[in-house]
Amino acid sequence: MMPSVAEERLAPRIVGVEFPFGHAFGMPHDGPMQRRTLELALRVLAGASRTGTRVDLDLEWPVPVREAYRAWQPKEPSPIVRKMLESRKGS
Amino acid sequence: MVVDSFRYLPRTFRPLYEGRGPFPGEEEAVWTPFEKRLAQSRIALLTSAGIYLKSSQTPFDLEREQTHPEWGDPSWRAIPSTYGAGDIGVAHLHINDEDLLADAEIALPMNLLGELAVEGVIGGTMAEHLSVMGFQDRSLRDWHDRTAPELVAHLRREAADGLILAPA
Numbered sequence: 001m002m003p004s005v006a007e008e009r010l011a012p013r014i015v016g017v018e019f020p021f022g023h024a025f026g027m028p029h030d031g032p033m034q035r036r037t038l039e040l041a042l043r044v045l046a047g048a049s050r051t052g053t054r055v056d057l058d059l060e061w062p063v064p065v066r067e068a069y070r071a072w073q074p075k076e077p078s079p080i081v082r083k084m085l086e087s088r089k090g091s
Numbered sequence: 092m093v094v095d096s097f098r099y100l101p102r103t104f105r106p107l108y109e110g111r112g113p114f115p116g117e118e119e120a121v122w123t124p125f126e127k128r129l130a131q132s133r134i135a136l137l138t139s140a141g142i143y144l145k146s147s148q149t150p151f152d153l154e155r156e157q158t159h160p161e162w163g164d165p166s167w168r169a170i171p172s173t174y175g176a177g178d179i180g181v182a183h184l185h186i187n188d189e190d191l192l193a194d195a196e197i198a199l200p201m202n203l204l205g206e207l208a209v210e211g212v213i214g215g216t217m218a219e220h221l222s223v224m225g226f227q228d229r230s231l232r233d234w235h236d237r238t239a240p241e242l243v244a245h246l247r248r249e250a251a252d253g254l255i256l257a258p259a
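Top to bottom, those sequences are chains A and B. For the first sequence, this note's numbering assigns the number 1 to the initial residue and increments by one for each residue that follows. For the second sequence, this note's numbering assigns the number 92 to the initial residue and increments by one for each residue that follows.
Because the hints were derived from the structure by calculation, they are not lab data. For clarity, every value in this text was computed on a predicted model and none was experimentally measured. Where is the CB? At the ideal position from N, CA and C, for every residue including glycine.
Which stretches of chain B does chain A cover? Using the computed rule of at least three CB atoms under 8 Å from a CB of chain A, they are: (1) 104-115; (2) 133-147; (3) 185-196; (4) 199-210; (5) 250-257.
A few chain B residues that don't get close to chain A, going by computed Cβ distances all over 12 Å: (6) Ala169; (7) Ser172; (8) Tyr174; (9) Ser230; (10) Asp233; (11) Val243.
Let's have the full structure, built from the sequences with the hints guiding it.
If you want it as structure tokens, here you go:
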């Protein structure tokens, strides 16, 4: 989901997906989408010839960005996000 | 197509991830060639979605995270590939768990991997796959000293040839 971060961290093999957080392999109950993702991961696992190999999956998330952006987030802010928001308010 | 790594990340979080470089002490790239054919290889999965089995496992410790916001539970769970769909729980305060509970394959595609094994695409899958909770203390000390060595030992015991890590 954040392949450029994996690159910075020097992950040896990376598959980039432009999917919302919590959905590494795709939409729920979408077997073909999940299969395309998993098969690409297996190809990169077995076929990469050097460290830092990155291949991005050419699949668009089938939900409008704004809706998907809201949907992946927890109903309540996580404790660390709450703490960050509180410290911003206080500054 | 080049994936936009920050498409779904709140803008204010971007500096927390971008331009940080490698972890201290991990500046050298690692590399292990994959020498077997996939069709002869046993493949394992690891998710960081905080999945656990409600009937037999304790959830990741979210209570402590509530009182210590910079801490994340560094323990791990082995999820049998024969799990019952209704037995899947999710303990992760940083993502919405609705889709994961509806179809855990979006994070841990154990059934799909099993199908690929039956079709002969891979040699085999594991009796158990791995689950962690992805929000961790930024120093990653517990992960470095305990979690990662335990996971590696488990995978070696189970004779895994390759591991697909799926961040949540």
